[in-house]
Amino acid sequence: MSLLRLCLRELSHHPRFVMIFLLNAAIGLIGLTAVENFKTTFNSVLSFRSRALLGADLTISSRGIIPPEELAKAWSSLPTPYQESRSITLFSMATSEQESRLVSVRAIEKNFPFYGELIFDDETTHPNLAGAFLADNEVWIYPELALVLGIKIGDQLKVGDGNFVVKKLISQDAQQAFQEGAMALRLYMNHEGLKRAGLLEFGSTFNERISFRLEDAYVDRAEALAQEINKKLIDPGVSVSSAKDRSEQVGRTLNYLNDFLGLVSLVALFLSSVGLFYLYRSYIHRRREDMAILSCLGLSKTKIFRLYLLHLLILGFCGVLITWIFCLALFPLLSTLLAQVLPFEMPAFAGVRPFLLSFVVGVIGNLLLALPLLKPLLAVRANQVFQNYEAQNDESWLSSLLLGLPWLIFYWGLSVLTAQSWIIGSSFVFVFIAVSLLVFPLGSWVLGKISFLGSNAPLSLKLSLRTLSRFKFSTLSLFLSLVLATLLMTMVPTIERNLQNEISGPGKDKLPSLFMFDIQEEQVDKLKKLVAAEGIELKGVSPMILSRLVSINNEAFVRESDEPRTREEEQEFRIRNRGVNLTFRSALDASEKLISGKEFSGIFSGNFDEFAEVSVEYRYAKRVGIKLGDTLAFDVLDMPVKAKVVSIREVRWTSFMPNFFIVFQPGVLDLAPKTFLSVVPSLDHETKSKLQREIVSSFPNVSLIDVGQLITRVMSIMEQMSWALKSMALLSMAVGFFVLYSLAQHQMTQRERDITLLKVLGLSFNDLRKMVRIEFLILGFTASLLGAFLSLFVTWFFAFLFFDGIWTFAPMPLIYAVVCVSLLCLIVSEVATRKSLAKGAQSLLQDAL
Amino acid sequence: MTQTDYYLTVTGISKSFMQGDQKIQVLKNLDLNVRRGESIAILGRSGSGKSTLLSLLCGLDRPEEGDISLAQTWFSSLKEEDLTLFRGRKMGIIFQQFHLLPHLTAVENVSLALEILGDKDAGPKALKALEQVGLLHRKDHLPLKLSGGEKQRVAIARAMVIQPDLLLADEPSGSLDESTGKDVMDLIFNLVKENQMSLVLVTHSQELANRCDKVLLLDEGQLKGINR
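So the sequence lines, in the order shown, correspond to chains A and B.
First residue of the first sequence? That's 1 in the working numbering, and the numbers climb one at a time after it.
First residue of the second sequence? That's 850 in the working numbering, and the numbers climb one at a time after it.
Simulated from the structure, these hints should not be mistaken for lab results.
Predicted, not measured: the structure shown is a model, and the values here were computed from it.
Note that beta-carbon positions come from the ideal geometry of N, C-alpha and C, so glycine has one too.
One thing to keep in mind: the hints can contain errors.
[Claimed, not checked] To give an idea of the chain B side of the interface with chain A (calculated C-beta under 8 Å), a few residues: (1) E930; (2) G937; (3) I942; (4) L950; (5) L961; (6) E964; (7) I965.
[What the hints assert, rightly or not] In silico EDC-like pairs for lysine to aspartate or glutamate, Cα to Cα no more than 16 Å straight-line: (8) A:K462 x B:E964; (9) A:K539 x A:D525; (10) A:K301 x A:E289; (11) A:K462 x B:D968; (12) A:K168 x A:E201; (13) A:K835 x B:E929; (14) B:K1042 x B:D1014; (15) A:K642 x A:E610; (16) A:K770 x B:D968.
Could you put the whole structure together from the sequences, leaning on the hints where they help?
Shown next as structure tokens:
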């Protein structure tokens, strides 16, 4: 008889196991495939739209005016002829008669954008507009801005010092990326208009960008040209981007969502793997006799191994098939849902990659299960199996662990691939190994103690404790699975809640009402007076000086122009390629905490041959590689400044107070050209609106952020995204509960014979129920408690590594998990006990009839 | 002799099973009477319904017709739970496959039967029972570490320790070699005799059956007497 027939026959005799196994595998794989499909689709759409997003083939941009020598490098490197277009972007306030709002002003030339277009609500377009370009006193705005300012086409709008007429409302903007504009809506004007508005005062924060359109023959070389020019650039504040960079930059907005989803899909995958491992282990353990019989009948151990390998291959393949069928039905639905969130349509399918990945994981991952599970069983001789009919738990978990190494390595690789980060992927696997290593020895010790505890307990408790402590391996396997399932299930909502808590802030009423920037030096006192007239004190008035970090310990702070590959490299690249804002103050703000070093010694001596004292924010220090005592060199508008790090401090950014990565002691930068930042403390809505109007009218160049409104916008974006987070979190919870159910159900099936025997011996139904209840409650409660407890550490660890240390104690998901897991265990045990009690005891008797 | 003279009375029980669409009548209007201290052997070919009869005698299953009485208590008058407790007090059962709880030691397996009845001296009594079956030296061993014969001795000690009025034995030597099987059966017969208990022994072995007071053959759902 062929192995295949033997295999199919055996599987067909265990439909229940096959069904649970396949469902378990499919749910995990669906999560993974869905996330991979989302990521791949999004990237391919971005890549397709990338030129339209950038509006050009190449751009060179800088904070402030692009240094002519750097611009010259771009000009000299580009193949001629080419077209160019200059644009300036900055934040400012736009005011109507009723309201004022922060807007993102973009001053453009007539020929911009080279690719993509602006579509207006009258269905005309730019740059193909037949009519004239923007006049000096005209602006194009987004309809949302018109709505909040209560204006329409033809109405007046004040920006800076200039009055403008709303010419058109933009219904589609090809350069508008996903969820840009959380802080401010976009407004277009021409360069003359910008001059009229008087927004380019000295020290104002703005970005200049020159966009290039290459000849068709050179378009494909845009990316290579961008890299080549980047290598020539010296100023870290200047950068050259190609369309591909732009799509990556936009993609970054979604990278964190992707990372989170990747993490969730890993959770779903690991959960289902835990379930599969446990299910298959139990199944295969019960097939020991079959193996022994096959061996006695002359089937070699290699063939038996192949037979069960075939089992896993068929099961894995069927699991993948179910996944594919489900995904084919699910993805079009997901695409429809996504269309409501994204500014462009996404196709339902991203090609075969996600499907191939599910195939590799479903089939190879399954096959790798065979080594740790089958090898130890095949090592036992047939006669030993027959003699130890009731023998259990005699395998060595250490050798199983070693045989499990290929499986572990496979999942490690998979984790890194899914998370696209060595750190996240490896940490995930590390957590798994660490928890397993913690649970087994600790659990063995505890179970040893439990056994003694129960000797004088009531019968049901005594029997429960004996079962738990004597079936040590089985108890610990189930316990570990429950711990991991609870840990993984609570991780997702805990991280999500932490992020939400952090964004909304623990005490909204303590947050400032208005955050102001671009305040000119001579305006500070006048502004203070204006605010004081309303009986309010201006807080956190801080100077801001533009600079760039030149060297650390005399080593040049080199630009790295090679393309970043991982998330960690991307972060590093961004940090190194932007200028740094400096401030000076004599003491720490309330939103700051000294971590190491000392406070400033006082005012700088004035001797610029000496090092000035600086304090560095700890995460920035970590990313850039700055330590206490390091020397730093800055270029402050062409003036070199030397400094020594005297302290590392922590900053609570969500306090919305003016905070900086680098703070100087007073006396160093006092004379440098600067603007100021400040906040207005918490006010009621009316006072805030009145004050906002007064400030905008008296200081048109000052930009104001309504902090409450910003938080509301960010929260609404979070909510828009949260369907994705929640559906994935729900998926992982569903997998978790399904795994829990199958684990508990399987445990009960194994206990069925013992329960029947106890019934035959006369143990009352009540005592039997109590015994099983206690057993499962102890297991469920202690495992979920430990899992929840561990998730506190793990979420803290992940928050520290990946989410900027955002971590608050969020007890509710933990409490829910403990209650749900304990209850689920209890329910499963009740249902299964009921089933066992209803069954006859004929199975114990030698004859079937 | 009236029915009240018998310790175990089975009157007109019937039991059938569905096998696919087909109804198989395993027991048909079967009667059986066993006196206190009497031993009865039930012979029958495989599939004749011996185990079904045994499960009905244990009260693990209910007959479709007829009733069973033990010590003047009719099973039909007892609820499932009460029947379970009644079985625990009045009957000892020995299985062919021993059926010891694998996670309990020999002495714990024996004392369990007493603990279920709430006996405060379960420990010492279990040790005494193990001594009677010659296994005191193996009291702390798990079933995994015991041989087949030793396991069955532990099972016998567990059945006997509650001093039941009725011992039901399902092919107790069926899984043992000849010599060990003989030793085990000697032990059972001696203990039954010493304790004046009734015995219903289900077996394939005519030789073993001959050691009982009465031998019955289960054939076509009914018990027929056999002349020895």
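Checklist line | Earlier hints that do not hold, by number | finding: 12 and 16
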